[in-house]
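K.L.:
Position chain V relative to chain W; hints supplied.
Heads up: the protein sequence lines correspond to chains W and V, in order. The first sequence: position 291 = 291 (our numbering), numbered continuously. The second sequence: position 255 = 255 (our numbering), numbered continuously.
Read the hints as simulated data drawn from the structure, not as lab findings. Idealized CB from N, CA, C, for every residue including glycine. Certain hints may be false.
Now the stretches of chain W that chain V is said to cover, found in silico as 3 or more residues with beta-carbon under 8 Å [to be verified]: (1) 65-76; (2) 141-152; (3) 239-246; (4) 259-266.
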Amino acid sequence: MNNPRLQGVIKQILLQAFLLAVTAAVIFPILWMVSIAIDPRNIDKPLDLTLIPPGASFESFRAVLFDNNPLMCSNPGDTSTCMTFGKLLLNSLYVAGGTALFSVILGATAAYAFSRFRFIGRQAGMLAFIALLMLPATATVTPLYVLLGQVKLGDEVLRSTLIGLAIAYTSGALPFAIWNLKGYFDTVPQELEEAALIDGASVTQAFFRIILPLSLPALAVTVLLGFMTGWTEFVLAWLFLDDPTKFTLAMALRSMQGQFTTPWSTFFAMALLMSIPPVLLFFALQRYIVSGLTVGGVKG
Amino acid sequence: MKNKLFGLLALLVIASLVLAACGPTGATEEPTGEEPAATEPAGEEPAATEEPAAAEPVTITLWHSLKDSETAGLTEIINAFTAANPHVTFDVLFVPFDDLRNKFETAAATGEGPDLLIGADDWGPALFDALLVADVSDVPTENVNAAALGVGQYNGAQVELPYVLKGVVLYRNTAIQPEAATSFGDLKAKAEAATTGDTYGALLEIGSFFSFAHLYGQGGALMNADGTPAFNTEAGAAWLAMLADFKALGADSWYSDNDINLFKEGKVGWVIDGTWNLASFSEALGENLAIDAWPTGMSGFVQTGAIMLSANSDEATATAAKSFLAYLLGAEAQAAFYASDDAFIPSNTTVAVDDPLRAQALTAFGGGTAWIVTPKMGAYWGPTETLIKTVIDEGTDVTEALNTAEQGVNDALNQ
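Next comes chain W alone, as it looks inside the complex (with noise of 0.2 Å):
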């Protein structure tokens, strides 16, 4: 055991395989959604991992893609009142993208006023989100109930409303948001904006066109939180909405999960079609992100 190479040789398969271990534990549990949701026995609660299960088809993905969903129509006894797939999926989209966009405008704006300006309560405001962030989701849950209960938007309360739902997603988003970007505007040299004040710049144009240009890994982690947050969310939204019409696919697939049976190869199957949104998302941040994630509580 003295050969040096030996030694080389055995540490490097021990890192093998342990490298070999975590990667099937990450990639075990999507294959077994995936042979799941390709077994047409609908089985309950399935136990083991069969990769290519008898009689295996996508079927269920086509069901989940094409059919009506018949537990969310307008008018039960009329199928065509009743969502499908591409119908859930904008809603989704619009609360997922409102929560990421109000992350984002209301984040960036606090969080460059607590980093930049000097005022009375910005250390205790700092540390009142700190509290928020502390706080049991569940803790919220009533009083935003009743908040969003009390202003009409049109004929309809805020809270039956995507753009309400929306809303109090980003209330559970947003003191996350703030400390984020307000550790990343920290790092930021604040020499680059005098230099564009005392180019004439005002202090709005200063953070649009120095700040923000800047900021884009903080920005996009914010955009990609708030975009999952809202995306994958469902118990406040089977709380807030009534109309099926404005239900999610969060919503959607939650709703596949009766009291006693669960048809799990739909459920699998649309819990895979359901990942591919933010999946592409992340793609299309990913540069900014791999640098944002390592920003931001570096000074604060």
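P.N.:
Frame of chain W; chain V shown alone:
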């Protein structure tokens, strides 16, 4: 100056939003905080034609978590009712079961929510205590199964009505077990004889929900009338011994659906499961499926699907909703539900149950145990799950484990 003005305006906007949010609205003024009282009688005959056609238009909002086939039946019933009562319209919303109660409680507590709620039968008492559902004792219930009605009676009120019967039964694959068992001893012997290779004579669920009723089958009880524990007895010890036999027969895990999967594959003789899986078992086993009357020493909980009337409904809507409830429990609607869903077992005793499996389930319910719907049940789950696990899996002394569980329940009740 500009900044100060802007700050002042922002403060005013925030203050007005806060004040608007804290102020009362029409919606929140409705609940009175008083105990929901029975409203005027809704009519006598459970027929779809009882409401006068010239009555004021009413919209009944109904929330449920029924599955596809049940929803089709409900829609058919609603259509028949609204055809006979054109002034009534329905706004029906499906909500997943796990979200339904929270959604109803949150909405009803703020004066909103549906007029009718279809949910689990153990919700009624707690919702009635919280003043969220109303007493519906004035709804005509002739020919409704008396035991099922009893499930929804609480503190002198009818807090919910049973629109369907369901429960835990003993399913048998006749290809493996050609004959029913007469007693648990008989079942055990037959199961052991049939267990070979990858075939099990019986896989019997040990989890609390499925096994509590056997305690009653052994002559014991889980709780007394006042909610205090009653299981620390000889019958309790016999029940635990029976569960140990369940495990010896091959039950390998708690609440896993392994037994169901194997049963569907035709590899198990007997399983204990709910009638809600009747359709899928029937599809898998065809003519080899039977539901046995409970062998002596065993039992299963008999439950109901419950429908409740919100305490927030105004008088006109509550009256129309009660008419609908009477119609829903009547023979016509129950027969429609029965025809639309393969697992529907009517609560109305006049509906002919000609499907052999559902008739067998009804017979099995005769030896069943009424599901316990008191809110005190919440104190029992934790300590009794621990009781079963420690005795069956860890071999803890039965007397000691029963004492510990009893103490645990009492502590939970006192909290």
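K.L.:
Run through the hints listed earlier and report the numbers of any the structure violates, in increasing order.
P.N.:
No numbers; nothing is violated.
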